[in-house]
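2 protein chains.
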Amino acid sequence: MQHSRSGGAAGGVATTETDNLIASDKVEGTPVYDTGGERLGSVYNLMIEKRSGKVRYAVMSFGGFLGIGERYHPLPWEKLTYDPALGGYVVDIPHERLQAAPSFARDETPWRDPLYGESLHGYYGLPFPRI
Amino acid sequence: MQHSRSGGAAGGVATTETDNLIASDKVEGTPVYDTGGERLGSVYNLMIEKRSGKVRYAVMSFGGFLGIGERYHPLPWEKLTYDPALGGYVVDIPHERLQAAPSFARDETPWRDPLYGESLHGYYGLPFPRI
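These protein sequence lines are chains Z and L, in that order. So for the first sequence, UniProt numbering puts the first residue at 1; every next one is plus one. So for the second sequence, UniProt numbering puts the first residue at 1; every next one is plus one.
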């Protein structure tokens, strides 16, 4: 993920963000936009690789946008770019790719499948990271 | 951080944890114990390096334990080990080291100091990671 300096942050932000670091509970709930500035949804949570401590996926909640309904779309972390002007993340993924992307309902357990992560990276055309 | 297989997880856990991945909002609030199994507090949030996507610190809330009061103690992620039997993280740090460790109150902004992270790693005897 790329981040720009947020500059002129309000008081509440000061304890949870620096130029280099950002707090997990600040990322959760942050809005996500397409490259045209249209709001797609927000970050639901982050999936972190236990051993390396690396964030692998930002799980997006699209909240019904694009007719997707209340489903969760895990995006490889590298696909998100922070835009300080928008105050949210931008994903450069066409709507139809997002609509057809791997996603799950609240009661589904896709992470149980050991190949799920690999399929996500594959879908977004990214190499699957080997630790 | 080290994690062990949690095994026999309840339904609610299934969507937020695998053998390799764990959800950020599951880590937040997870209890933290000393090596004797005494509860010290809980994880308040995680500080993530924006560019690399790596979790650098788990910020502990000690909630008054050890006479520390309501302060936040950032611990390098490597210092936490997950214990499935306890259902929480264990830190192998003597109480007096924790009591004297770098910490901040809710209204303080330590992360603004570009050398803060380096001082944290130094305090806990760990090399500061260069990206």
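Calculated directly from the structure, the hints in this document are not laboratory data. There could be a bad hint or two in this list.
You can't tell identical chains apart in this list, so a pair holds if it fits in one copy or across any two.
The calculated lysine-lysine pairs, modelled on DSS-like cross-linking and capped at a C-alpha distance of 25 Å, are [unchecked claim]: (1) Lys26 - Lys79; (2) Lys79 - Lys54; (3) Lys79 - Lys50; (4) Lys50 - Lys26.
Flag every earlier hint the structure violates by its number, smallest first. none
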